[in-house]
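Its first residue numbered 1, the sequence shown is counted upward by one per residue in full-length UniProt numbering.
Just so you know, these hints were derived from the structure itself, not from any lab. Don't take each hint at face value.
[As the list claims (entries may be wrong)] Now the in silico label distances, taken between C-beta atoms and shown as ranges: (1) 9 to 41: 34 to 44 Å; (2) 36 to 5: 29 to 39 Å; (3) 17 to 70: 19 to 29 Å; (4) 15 to 42: 15 to 25 Å; (5) 9 to 73: 25 to 35 Å; (6) 27 to 63: 15 to 25 Å.
Since the structure is predicted, the reported quantities are computational estimates derived from the model, not experimental observations. Even glycine gets a Cβ: it sits at the ideal position worked out from N, Cα and C.
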Amino acid sequence: MTSVTLQGNPFNTVGELPEVGATAPAFSLTKDDLSELTSAELSGNVVLNIFPSVDTPTCAMSVRQFNTKAAALDDT
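With the hints as constraints, model all of the structure from the sequences given.
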């Protein structure tokens with residue numbers, strides 16, 4: 001279990017957070033056409049941007065900032 005802080009309050013996670021650069025376990029995602037994408041179909045370095053909902057101002061702003069910063073990188 002890992003402890004994280006949200007608005008100054010400590011919370012415990014379920015399980016451990018992965019180390020930066022660690023290989024992710026196998027996973028599957030639902031694409032925008034509702035088909036499945038598995039981690040086995042991906043190659044190279046993959047960045048996962050996980051957010052609860054773009055219907056909230058904070059998450060929407062976070063996604064916009066992520067996209068802006070990612071677009072400025074040479075290998076994206």
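Hints, one by one, checked against the model:
no.: 1; hint: 9 to 41: 34 to 44 Å; result: 39 Å, holds
no.: 2; hint: 36 to 5: 29 to 39 Å; result: 35 Å, holds
no.: 3; hint: 17 to 70: 19 to 29 Å; result: 22 Å, holds
no.: 4; hint: 15 to 42: 15 to 25 Å; result: 22 Å, holds
no.: 5; hint: 9 to 73: 25 to 35 Å; result: 33 Å, holds
no.: 6; hint: 27 to 63: 15 to 25 Å; result: 20 Å, holds
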